[in-house]
Each structure stands twice: as C-alpha cells, then as structure tokens.
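*Asks:* When the letters of the sequence shown are read in order and numbered with my numbering, they come out as residues 1 to 316.
Derived DSSO-like pairs (lysine-lysine); straight-line CA-CA distance at most 30 Å:
{"#": "1", "residue 1": "Lys135", "residue 2": "Lys272"}
{"#": "2", "residue 1": "Lys150", "residue 2": "Lys198"}
{"#": "3", "residue 1": "Lys197", "residue 2": "Lys109"}
Have a look at the derived ranges for each label pair, beta carbon to beta carbon:
{"#": "4", "residue 1": "Leu248", "residue 2": "Pro112", "range": "25 to 33 Å"}
{"#": "5", "residue 1": "Met1", "residue 2": "Pro277", "range": "51 to 59 Å"}
{"#": "6", "residue 1": "Tyr301", "residue 2": "Glu247", "range": "24 to 32 Å"}
{"#": "7", "residue 1": "Ala315", "residue 2": "Asn68", "range": "24 to 32 Å"}
{"#": "8", "residue 1": "Arg80", "residue 2": "Gly152", "range": "29 to 37 Å"}
{"#": "9", "residue 1": "Gly147", "residue 2": "Tyr216", "range": "14 to 22 Å"}
These aren't lab readings, by the way, just hints derived from the structure by calculation. We put the CB at the ideal spot given by N, CA and C, even for glycine.
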Amino acid sequence: MQVSVIIPTYNRAEVLRKTLIGYAEQTGDHNMSEVLVVDDGSRDHTADVVRECAHLFSFPLRYFHQQNSGLAAARNHAIREAAGDLILFGDDDIIPGPRLAEEHARWHKKFPEEHIGILGFVPWLPSVRPTPFMKWSGLYGPQFNFGYFKPGMELDFRHGYFCNTSVKAAFLARHGVFSEAFRTYGYEDVELSYRLKKQGYRLLYNPDAVGYHNKYETLENTIQRVEALYRSWPEFGRTEAGQHFLELWRGQRTRPPSAAKSAMKTLLRPLKTAAIPILRPLVNTHIPLPHWMYDQILYHYVTPFSSVVAASEHAC
Numbered sequence: 001m002q003v004s005v006i007i008p009t010y011n012r013a014e015v016l017r018k019t020l021i022g023y024a025e026q027t028g029d030h031n032m033s034e035v036l037v038v039d040d041g042s043r044d045h046t047a048d049v050v051r052e053c054a055h056l057f058s059f060p061l062r063y064f065h066q067q068n069s070g071l072a073a074a075r076n077h078a079i080r081e082a083a084g085d086l087i088l089f090g091d092d093d094i095i096p097g098p099r100l101a102e103e104h105a106r107w108h109k110k111f112p113e114e115h116i117g118i119l120g121f122v123p124w125l126p127s128v129r130p131t132p133f134m135k136w137s138g139l140y141g142p143q144f145n146f147g148y149f150k151p152g153m154e155l156d157f158r159h160g161y162f163c164n165t166s167v168k169a170a171f172l173a174r175h176g177v178f179s180e181a182f183r184t185y186g187y188e189d190v191e192l193s194y195r196l197k198k199q200g201y202r203l204l205y206n207p208d209a210v211g212y213h214n215k216y217e218t219l220e221n222t223i224q225r226v227e228a229l230y231r232s233w234p235e236f237g238r239t240e241a242g243q244h245f246l247e248l249w250r251g252q253r254t255r256p257p258s259a260a261k262s263a264m265k266t267l268l269r270p271l272k273t274a275a276i277p278i279l280r281p282l283v284n285t286h287i288p289l290p291h292w293m294y295d296q297i298l299y300h301y302v303t304p305f306s307s308v309v310a311a312s313e314h315a316c
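Input sequences plus hints: build the corresponding full structure.
*Replies:* Rendered as structure tokens:
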C-alpha cells in the first residue's frame with residue numbers, strides 16, 4: 001500500500017520547512033511514495049523551501065501552486081494529483097513524529113477494509129513549551145478532544161481532524177471530497193466526515209501516530225481562533241452535517257448537569273464577573289489552573305455559540 005502525504009500550506013514557509021524535514025526523517029516501514037505540497041497562493045518563499053527540501057527525500061516531493069482558494073480547495077487539488085493507495089492528510093504546522101507514517105500504514109494493514117480511516121494523536125510540540133491552558137485546549141477544550149479518546153476507539157464525525165488522518169484513496173474517490181464552499185477556517189473537515197460516515201466510514205484512533213503541533217497559542221489567540229471558526233458557521237449550518245451537529249449540541253444542552261457542576265456554578269456566579277478578569281493573566285503562564293476554570297474564562301470572552309446560531313437562523 002503506497003502512501004501519498006498531503007500538506008496544504010499558506011504563508012508559513014519556515015514552519016513548513018520543519019514539517020518537511022520531519023517527513024524526510026520518517027523511520028520504519030512507512031510506505032510513503034510521495035509528499036504533495038499545495039501552496040494556496042502564498043506570498044512568501046514557500047516555493048523555495050520546497051525546492052530546498054527536495055534533496056532530503058528518496059521519493060518525489062511534489063509542489064503545486066494555486067490561487068488562494070482555501071484549505072478545502074487545496075486539499076482537493078492534492079487528492080486529484082495523488083497516486084498512492086492511501087492518503088495521509090497533514091498540515092504545514094504538524095511536525096510528524098518519526099513513526100507517524102509507519103503507524104498509519106501499519107493500522108491500515110491491520111484494518112484493510114476500504115471504509116476504515118485512522119486518526120493520529122496531535123499534542124503540542126514540546127519545544128514551544130505549551131502552557132497548561134494549551135494542553136487543556138488540545139485534550140479537552142476548543143482545539144481537540146484527545147483526552148476523551150482511547151486506543152482503537154471509533155470516533156464520530158465531529159472528531160474528523162484532517163491534520164493527522166489517513167483515508168483510502170479509493171474510498172474518497174467513490175464517496176466525495178471536501179466542499180469548496182468552505183473558503184475560510186473551520187468545519188470543512190467535519191462536513192466531509194459526516195458525508196463519509198453516511199457511506200460507512202469508520203474513523204479509528206491510533207495514539208501512536210503522533211504529529212506535533214508546532215504552534216504557541218495564548219488565550220487571546222484561542223479566542224480569535226474560536227471566533228474565526230464561528231464565522232464559518234453560516235456555511236456549515238446550511239449543510240445536512242451542520243444540522244445534525246446542531247441537533248447533537250442541543251441534545252447535550254438539555255442534559256442536566258452533575259450536582260457538583262451545578263453547585264460550582266451557583267457558588268461562582270456572583271463572583272464570576274469580578275474574578276475572571278483577575279484570573280485571565282494566569283492563563284498564559286505555566287501555573288496550572290483547574291480545567292473547569294479554563295473553560296469558564298475562555299467562554300466568558302467568546303461569543304456564545306447559541307448567539308452565533310441564532311444570528312445565522314435570523315439571517316436566513
């Protein structure tokens with residue numbers, strides 16, 4: 001089974017360089033036959049970086065340039081060009097661990113069925129010195145939900161993170177690719193995962209396929225990212241996937257909270273307005289806070305999702 005690695009990129013030349021070096025240094029029986037970099041209209045020296053890294057590979061490092069059209073279009077461009085039986089989706093800021101490709105290939109040999117996809121683990125790159133807040137965000141918060149997953153667990157469509165996911169090329173060819181209606185950040189991967197799920201797609205979690213997120217993110221960065229994600233909601237909300245996502249979200253809201261959580265909310269409500277601005281500076285430090293506190297602080301500043309949905313429905 002030959003593996004085609006797909007890396008979309010935009011104005012991150014030096015970040016991309018580190019990622020390409022990571023793929024060039026893969027160990028074991030990784031089965032990689034090509035790496036495809038799709039440059040989504042970068043204005044930096046991305047093309048030069050790809051040329052400079054080409055000699056590191058014993059197989060083709062292929063470069064494609066397109067007019068800026070968004071992440072979905074960039075990935076689709078690469079899918080059309082890919083020659084491998086297995087497509088491994090990465091991102092320009094996800095540096096592969098030395099056995100990432102081998103672990104994806106190994107699990108596809110273990111699960112050869114066409115409809116099986118594999119999701120790998122995405123922790124923060126240790127050298128960025130992630131804060132406790134960042135770790136919470138990647139395990140239980142707005143970045144990823146890896147803290148809830150167990151090895152071999154089958155994940156639902158909401159966890160279709162295509163920054164470290166492998167899918168059989170034939171299954172994609174038969175059942176669809178990314179919707180290019182998504183031109184800005186967010187939801188294009190969830191929407192595709194939903195459509196694939198309807199065709200029998202099963203996404204399994206392999207925590208040994210590690211790709212490190214080469215990024216430092218403050219509370220302020222996280223707020224901006226969540227707000228950017230919400231700006232893509234109107235497009236996503238018009239899809240069948242978006243409507244099902246909304247049903248699940250509304251179902252979760254109707255569940256009664258635990259007694260401990262209810263008591264904590266009651267206790268903190270009078271103090272919340274005064275306490276959160278005082279606690280906010282601690283979020284960007286290496287002083288750990290309780291997970292529930294990160295949640296309270298972040299969503300105190302982020303537009304409520306209920307307001308995002310209401311505004312979108314009103315606009316329709």
